[in-house]
Amino acid sequence: MLRRSPTTVFLAEGLQRIPLTTLSKHGPCVGIWWHNDERIVAIAQTLQSFAAKRQIVDCNLCHVHEWPLVAKMLNQSLSADYFIVPRGRVLFDRQREMGFIYHGNSTRQSQLQRIAKLFGLSEWEAAIDDHYLMGNAADELFSDWESPIDDHYLMSEAADELLSEE
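Those letters in the sequence shown? Residues 1366 to 1531, by the numbering used here.
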């Protein structure tokens, strides 16, 4: 039986996603990633893809847009939400020659070390970012969030007039 690799890496070049076995020959990279207990899936861009004058390099890759590519690799269906699997983002500071790994509360130190190696980061720091929280922590973060369209507006005369015009 063939054993699946614990990591899957794609190099993002424009709209193309090129599968790679390693990013090591590309130097430090930035990008996004997900992990479960079995594997890490990363989509990366090389620093050469960005203007040299940018000190802090971040990519424009979005978890929600890349989810169809990676869902099955993480034993998820395409209809599952992209945020049910721990995920994060890697940035790079050219002046300090250091990477930054932003992650949620479900990512262990050992996984962060694997992610740093995967993205070619010899020097790096990690920080929890609220965007990537999981479980009760995420629920608590959004517990007092209100919809932009609140009930008061929907029950107002203005709303009634809008509905009657249709």
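Among the hints, erroneous ones may be present.
[As the list claims (entries may be wrong)] The calculated DSS-like cross-link candidates involving lysine-lysine, where the alpha carbons are at most 27 Å apart (straight line), are:
| id | residue 1 | residue 2 |
| --- | --- | --- |
| 1 | K1482 | K1437 |
| 2 | K1390 | K1482 |
| 3 | K1418 | K1482 |
| 4 | K1418 | K1437 |
[Unchecked claim] Per label pair, the in silico range of CB-to-CB distance:
| id | residue 1 | residue 2 | range |
| --- | --- | --- | --- |
| 5 | D1494 | Q1413 | 35 to 41 Å |
| 6 | L1380 | I1493 | 16 to 22 Å |
| 7 | N1470 | V1429 | 27 to 33 Å |
| 8 | K1390 | N1470 | 19 to 25 Å |
| 9 | T1386 | E1490 | 37 to 43 Å |
No lab work stands behind these hints: they were computed from the structure.
From the three backbone atoms N, C-alpha and C, an ideal C-beta is built for every residue, glycine too.
For each hint, the structure was consulted:
no.: 1; hint: K1482 - K1437; verdict: 24 Å, holds
no.: 2; hint: K1390 - K1482; verdict: 12 Å, holds
no.: 3; hint: K1418 - K1482; verdict: 25 Å, holds
no.: 4; hint: K1418 - K1437; verdict: 38 Å, violated
no.: 5; hint: D1494 - Q1413: 35 to 41 Å; verdict: 26 Å, violated
no.: 6; hint: L1380 - I1493: 16 to 22 Å; verdict: 31 Å, violated
no.: 7; hint: N1470 - V1429: 27 to 33 Å; verdict: 20 Å, violated
no.: 8; hint: K1390 - N1470: 19 to 25 Å; verdict: 33 Å, violated
no.: 9; hint: T1386 - E1490: 37 to 43 Å; verdict: 27 Å, violated
In this structure, the hints that do not hold are numbers 4, 5, 6, 7, 8, 9, in rising order.
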